[in-house]
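> Line order of the protein sequences matches chains A and B. 15 is the number of the first residue of the first sequence in this note's numbering; add one for each residue after it. 203 is the number of the first residue of the second sequence in this note's numbering; add one for each residue after it.
Simulated from the structure, these hints should not be mistaken for laboratory data. Computed from a prediction, not measured in an experiment: that's the story for all the values here. Heads up, the beta-carbon is just placed ideally off N, CA and C, and yes, glycines get one too. Possibly wrong hints are sitting among the right ones.
What the hints assert, rightly or not - Derived, one-sided and incomplete: chain B residues facing chain A with beta-carbon distance under 10 angstroms: (1) K208; (2) P235; (3) Y236; (4) N373.
To be verified - Estimated spans, in silico, between C-beta atoms of each pair: (5) A/G40 / B/N461: 35 to 41 angstroms; (6) B/F379 / A/K103: 54 to 60 angstroms; (7) B/N381 / A/G40: 39 to 45 angstroms; (8) A/T123 / B/D428: 27 to 33 angstroms; (9) B/E209 / A/Y128: 51 to 57 angstroms; (10) A/D144 / B/D327: 55 to 61 angstroms; (11) A/S71 / B/W296: 29 to 35 angstroms; (12) A/P25 / B/W296: 33 to 39 angstroms; (13) B/F379 / A/K108: 58 to 64 angstroms.
To be verified - Under the rule of at most 27 angstroms between Cα atoms (straight-line distance), these lysine-lysine pairs were calculated in the DSSO-like manner: (14) B/K297 / A/K41; (15) B/K303 / A/K61; (16) A/K41 / B/K230; (17) A/K61 / B/K367; (18) B/K457 / B/K437; (19) B/K206 / A/K18; (20) B/K337 / A/K18; (21) A/K18 / B/K221; (22) B/K221 / A/K41; (23) B/K359 / A/K18; (24) A/K18 / B/K268; (25) A/K18 / B/K230; (26) A/K18 / B/K208; (27) A/K18 / B/K457; (28) B/K230 / A/K61; (29) A/K41 / B/K457; (30) A/K41 / B/K303; (31) B/K457 / B/K337; (32) B/K268 / A/K61; (33) B/K219 / B/K208; (34) A/K18 / B/K437; (35) B/K230 / A/K121; (36) B/K337 / A/K41.
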Amino acid sequence: MEFKTVLSFCPYCGCGCGLLLEVLDGKIVGTLPSKTSPVNQGKLCIKGWTVHEFITSPNRLTQPMVRQDDALHDSSWDEALHLAATRLKEIKEKHGPDSIGVLTSAKCTNEENYLLQKFTRAALGTNNIDHCARL
Amino acid sequence: MSTKIKEAVRALLTEGKIKGFLGLREEKGNIMPYLFCDPKELDALSLGDWKKPGDTRYPLNQLMIKLAMAYPNETFAVLIRGCDERGLKELFKWKQLDEEKIVLIGLGCPDELAKACECEKPFPDSLIDGPKGEKVDSQKVAQVEGMDLDTRLQFWKAEFNRCIKCFGCRNICPMCFCNECSIEEDQLVGTGEIPPANPTFHLARAIHMVGRCIDCGLCEEACPADIPLRTLYKKVGEIIHQEFGYKTGLSVDEKSPFNIIEVK
Ligand code: SF4
Ligand code: SF4
Ligand code: SF4
Ligand code: SF4
Numbered sequence: 015m016e017f018k019t020v021l022s023f024c025p026y027c028g029c030g031c032g033l034l035l036e037v038l039d040g041k042i043v044g045t046l047p048s049k050t051s052p053v054n055q056g057k058l059c060i061k062g063w064t065v066h067e068f069i070t071s072p073n074r075l076t077q078p079m080v081r082q083d084d085a086l087h088d089s090s091w092d093e094a095l096h097l098a099a100t101r102l103k104e105i106k107e108k109h110g111p112d113s114i115g116v117l118t119s120a121k122c123t124n125e126e127n128y129l130l131q132k133f134t135r136a137a138l139g140t141n142n143i144d145h146c147a148r149l
Numbered sequence: 203m204s205t206k207i208k209e210a211v212r213a214l215l216t217e218g219k220i221k222g223f224l225g226l227r228e229e230k231g232n233i234m235p236y237l238f239c240d241p242k243e244l245d246a247l248s249l250g251d252w253k254k255p256g257d258t259r260y261p262l263n264q265l266m267i268k269l270a271m272a273y274p275n276e277t278f279a280v281l282i283r284g285c286d287e288r289g290l291k292e293l294f295k296w297k298q299l300d301e302e303k304i305v306l307i308g309l310g311c312p313d314e315l316a317k318a319c320e321c322e323k324p325f326p327d328s329l330i331d332g333p334k335g336e337k338v339d340s341q342k343v344a345q346v347e348g349m350d351l352d353t354r355l356q357f358w359k360a361e362f363n364r365c366i367k368c369f370g371c372r373n374i375c376p377m378c379f380c381n382e383c384s385i386e387e388d389q390l391v392g393t394g395e396i397p398p399a400n401p402t403f404h405l406a407r408a409i410h411m412v413g414r415c416i417d418c419g420l421c422e423e424a425c426p427a428d429i430p431l432r433t434l435y436k437k438v439g440e441i442i443h444q445e446f447g448y449k450t451g452l453s454v455d456e457k458s459p460f461n462i463i464e465v466k
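Work out the full structure, taking the sequences as your base and the hints as a guide.
Next comes the structure, spelled out in structure tokens:
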């Protein structure tokens, strides 16, 4: 028998609220706001409060998937990245770089966001880059 | 201060009287709920005093219900303050927990905390450590009552208007155990809007706390909008006392007014 709470962070937005995952015998059964987190001081918004519900959702992606004839099928990173690169190239050639837009996440690190805007501007050739906080 | 509590828990664990002790553990500067099953772990025990007394209280009784559901035949001990003991008395009545299977490890609250809480009884009967403090009357309820009716309504409406409908007040409440919650029901309280129906959302919850709210204050502490929920529910408690002579969490035997169906 084991019942503990594990300190973690809400993955939804850039605030990074501290939360406690209630773990009973290895299964996550609930979420509590961390009272010792200087960020959220014992409070959460509804997204943070329901973190434990999506963790075990069967709809979560656990591996790369590729859509073919309207159906998703399991894929590998190599296949998925190759497909994405080929299609982006085709679209860029046919419709121009401004036909592509990139959305990044407030939950990524500064370095990751820097890299993505660099990729968008230098490799794709467009200024169409924004992040989730403005979605 | 935790020595006496540690000793009591250690004895219960080594004698095999309990399967585990639900308390708080300090881990790298954080204080978090934890089930102690091995006396050796008790060094990390925390009583929930971080920067101020009682500032890292968690709804242990709520976790206790989850634990008891998973292990209905086991006996557990739980760390409780005065409010938590009031809560347990109600939870026993509402058959959410079995009195025979819970050992109470009682902690009294210092005056500073009792004052901040305006606490009816800042210590549990099953006191093991900590002071046996005095009751503190509520100034906050009196302050709001001092306003005339119009001003008071405006005051509450302005407070409720900040609500971001996080459901934190309900989620953290150790006394909210319904499987289906009225404040999520579209037909009772209109859903899909922020701020939620004002004042219906808040009054619906307040009414549902009749005979349940044991005034622990966890809801107000969890409210990101700083709405004085505790003052609201304290008033609910006061009305129940005036009208029905019932004090929530005072006895295990006396039924709460919403629990009685009288057939005449
Ligand atoms: S709980 Fe809400 S505010 Fe906090 S990080 Fe998650 S989404 Fe952002
Ligand atoms: S409500 Fe009373 S018993 Fe509970 S923490 Fe506050 S002072 Fe202590
Ligand atoms: S004070 Fe708030 S959290 Fe505590 S029992 Fe009452 S309603 Fe629930
Ligand atoms: S905790 Fe505060 S903001 Fe959240 S639903 Fe309750 S009253 Fe509204």
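> State for each hint whether it applies.
Hint check results:
At a threshold of 10 angstroms, the smallest CB-CB gap from B/K208 to chain A is about 18 angstroms, leaving the interface hint violated. About 5 angstroms separates the beta-carbon of B/P235 from the nearest beta-carbon of chain A, less than 10 angstroms, and the hint is met. The interface hint given for B/Y236 holds, since its Cβ lies 5 angstroms from the closest Cβ of chain A, which is under the 10 angstroms cut-off. The closest approach between the C-beta of B/N373 and any C-beta of chain A is roughly 5 angstroms, which is under the 10 angstroms cut-off, so the hint is satisfied.
Between A/G40 and B/N461 the C-beta distance comes to about 37 angstroms, which sits within the given range of 35 to 41 angstroms. Between B/F379 and A/K103 the beta carbons are some 57 angstroms apart, a value that agrees with the proposed interval 54 to 60 angstroms. A beta carbon spacing of about 25 angstroms between B/N381 and A/G40 contradicts the range 39 to 45 angstroms that was offered as a hint. In this structure the supplied range 27 to 33 angstroms holds for A/T123 paired with B/D428, their Cβ-Cβ distance being about 32 angstroms.
Roughly 55 angstroms separates the CB atoms of B/E209 and A/Y128, a value that falls within the hinted 51 to 57 angstroms. The supplied range of 55 to 61 angstroms is met by A/D144 and B/D327, whose beta-carbon atoms lie about 59 angstroms from each other. Judged by the Cβ atoms, the range 29 to 35 angstroms given for A/S71 and B/W296 holds: they are separated by roughly 31 angstroms. Our hint of 33 to 39 angstroms for A/P25 and B/W296 holds, since their Cβ atoms are close to 35 angstroms apart.
The hint said 58 to 64 angstroms for the Cβ distance between B/F379 and A/K108, and at roughly 59 angstroms that hint holds. Between B/K297 and A/K41 the CA atoms are separated by roughly 25 angstroms; this keeps the pair inside 27 angstroms, and the hint holds. Distance hint between B/K303 and A/K61 is unfulfilled; the C-alpha atoms sit about 35 angstroms from each other, more than 27 angstroms. Taking the CA atoms of A/K41 and B/K230, the gap is near 23 angstroms; set against the 27 angstroms cutoff, the hint holds.
For a cut-off of 27 angstroms, the pair hint linking A/K61 to B/K367 stands: about 11 angstroms separates their Cα positions. The straight-line distance between the Cα atoms of B/K457 and B/K437 is roughly 20 angstroms, inside the 27 angstroms bound, and the hint therefore holds. Between the alpha carbons of B/K206 and A/K18 the distance comes to roughly 23 angstroms, so the proposed pair stays at or under 27 angstroms and holds. Proposed proximity of B/K337 and A/K18 is contradicted: the alpha carbons are some 34 angstroms apart, above 27 angstroms.
Distance check on the hinted pair: A/K18 and B/K221 sit about 14 angstroms apart at the alpha-carbon level, within 27 angstroms; holds. With a CA separation close to 19 angstroms, the supplied pair B/K221 and A/K41 stays within the 27 angstroms bound. Taking the CA atoms of B/K359 and A/K18, the gap is about 39 angstroms. The hint is violated against a cut of 27 angstroms. Between the alpha carbons of A/K18 and B/K268 the distance comes to roughly 12 angstroms, so the proposed pair stays at or under 27 angstroms and holds.
Simply put, A/K18 and B/K230 have alpha-carbon atoms about 15 angstroms apart, close enough for the 27 angstroms limit, and the pair holds. Of the supplied pair hints, the one linking A/K18 and B/K208 holds, its CA atoms being roughly 18 angstroms apart against a limit of 27 angstroms. A distance of roughly 34 angstroms separates the Cα atoms of A/K18 and B/K457; the hinted pair therefore is violated under the 27 angstroms criterion. Straight-line distance between C-alpha atoms of B/K230 and A/K61 comes to about 26 angstroms, which keeps the hinted pair within the 27 angstroms bound.
Taken as a hint, the A/K41 and B/K457 pair is broken in the structure, with Cα atoms around 36 angstroms apart against an allowance of 27 angstroms. Only pairs whose Cα atoms come within 27 angstroms are accepted, and A/K41 paired with B/K303 is accepted, the gap being roughly 23 angstroms. About 23 angstroms separates the Cα atoms of B/K457 and B/K337, which keeps this hinted pair within 27 angstroms; it holds. Distance hint between B/K268 and A/K61 is fulfilled; the C-alpha atoms sit about 22 angstroms from each other, no more than 27 angstroms.
As the CA atoms of B/K219 and B/K208 are separated by approximately 15 angstroms, the hinted pair is consistent with the 27 angstroms bound. Restraint check: the Cα-Cα separation between A/K18 and B/K437 comes to about 35 angstroms, which exceeds 27 angstroms; the hinted pair is violated. Of the supplied pair hints, the one linking B/K230 and A/K121 holds, its CA atoms being roughly 24 angstroms apart against a limit of 27 angstroms. At roughly 41 angstroms between alpha-carbon atoms, B/K337 and A/K41 are farther apart than 27 angstroms, so this suggested pair is violated.
This entry does not satisfy hints 1, 7, 15, 20, 23, 27, 29, 34 and 36, going by the numbered hints stated previously.
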